[in-house]
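**Q** Sequence:
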Amino acid sequence: MFDHTRFDFGPINETIKFASHTFVFTNTGNAPLVINKVETSCGCTTPEWSTDTVRPGMKGHVTARYETINRLGTFNKSITVYSNSLENAMVFLDISGDVYREDTDIKSNTEVTYNYGKVTFSKPALSFSPLYDNALDTQSLFVTNETPNTINIYPIDAGVLPPYLKILKWPSSLEPQERGKIQIAIDGKKINYYGFGTFEIPMNTSSPAMPFGSVIVTFARKQYFPKFSANQLAKQPKLSLDKKEHNFGMIAESGDLITTEFKFTNSGKQLLKIYNMDPSCGCVTVKAPKKELQPGETMVVKVIFDTVTKKGYANYAIGIICNDPTNPEFEIPIKAQFPAKDRSCLTCPK
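Residue numbers for the sequence shown follow our numbering, beginning at 2 and rising by one.
No wet-lab data here; the hints were simulated from the structure.
Warning: the hint list may mix true and false statements.
[Said to hold, decoys possible] Taking lysine-lysine and the PhoX-like style, the derived pairs with C-alpha atoms no more than 25 angstroms apart in a straight line are:
{"no.": "1", "residue 1": "K291", "residue 2": "K311"}
{"no.": "2", "residue 1": "K291", "residue 2": "K312"}
{"no.": "3", "residue 1": "K228", "residue 2": "K264"}
{"no.": "4", "residue 1": "K170", "residue 2": "K244"}
{"no.": "5", "residue 1": "K270", "residue 2": "K245"}
{"no.": "6", "residue 1": "K245", "residue 2": "K264"}
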């Protein structure tokens, strides 16, 4: 039994090169105790232990030595002790501390400057595209510590993560030039909308090179459709429009609200669900009486175009996402032509 399993060195001057601490244990059993092996969580920590058999009632030790050179900042390292003990065959020991470097050169009394280096990612974002609504997908990237010091990466508060996202791998610390793997899983079944989405996972470290950072996650959620036979496909919902686009043509003067209408018809055999009707610009508004159409049902969708400040050629679109397997995602173009100069502006040059 160890008399303690945790030790905090507190502030450590980098110049000592190594910080050592000895954990003492007693064989409280009735049989000889043998330590089979000792493993550390990082190559910066070197263990040393009693290699002889420890008789009942006698003491043994495990010493942890932490290298401090170029490892500025706080650290938390673990040591795992394996023995032939029936009750505690595996024991965890922890060491922690804060390595610092003097800010000034005492002899010259001048400030010392540091090259903090940088922390880099193997790609700018984790992209799940496509992310199907019936699947769980995983993506990975690597983060590399290109600074001269060990950096600690602080744990993430699970409360900030959306319910559809799970972190599978996340490094807790990186040695200089060490590369760590970040792996994220997204459950497409748990997202309640279709189309593009993004999320930013905070990544805070002990490094001045990147005290605050983030991992960007993007996805494009799409519907999964099985492969239908011709007979099965004929029984699915189908969205039909009375026109594929609308061009308002030349508008003599900007500033008014202009409107048009589309007829949406379910020409299929099952319930049609329209998930998204999203304009590409806030100047276009879509008003639909419902989001579901029974087979054979038609509705009128009104489109309102605010032309304030518009000049020249205008080309926008309304993105449609529905459960029609033959055309689940498409755009309805909305076009217009305006004078190059706004005639309603009294202060604009003629």
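**Q** Confirm or reject each hint.
**A** So, going through the hints one by one against the coordinates:
Restraint check: the Cα-Cα separation between K291 and K311 comes to about 30 angstroms, which exceeds 25 angstroms; the hinted pair is violated. Note on K291 and K312: the hinted pairing is violated, with a Cα-Cα distance of about 33 angstroms set against a maximum of 25 angstroms. A hinted pair counts as satisfied when its Cα atoms are at most 25 angstroms apart, and K228 with K264 does not qualify at roughly 29 angstroms. Using a Cα cut-off of 25 angstroms, the hinted pair K170 and K244 is violated, with the two alpha carbons roughly 50 angstroms apart.
Between K270 and K245 the alpha-carbon distance is near 22 angstroms, which keeps this suggested pair within the 25 angstroms criterion. Between K245 and K264 the CA atoms are separated by roughly 10 angstroms; this keeps the pair inside 25 angstroms, and the hint holds.
Checked against the numbered hints above, the structure breaks hints 1, 2, 3 and 4 and satisfies the rest.
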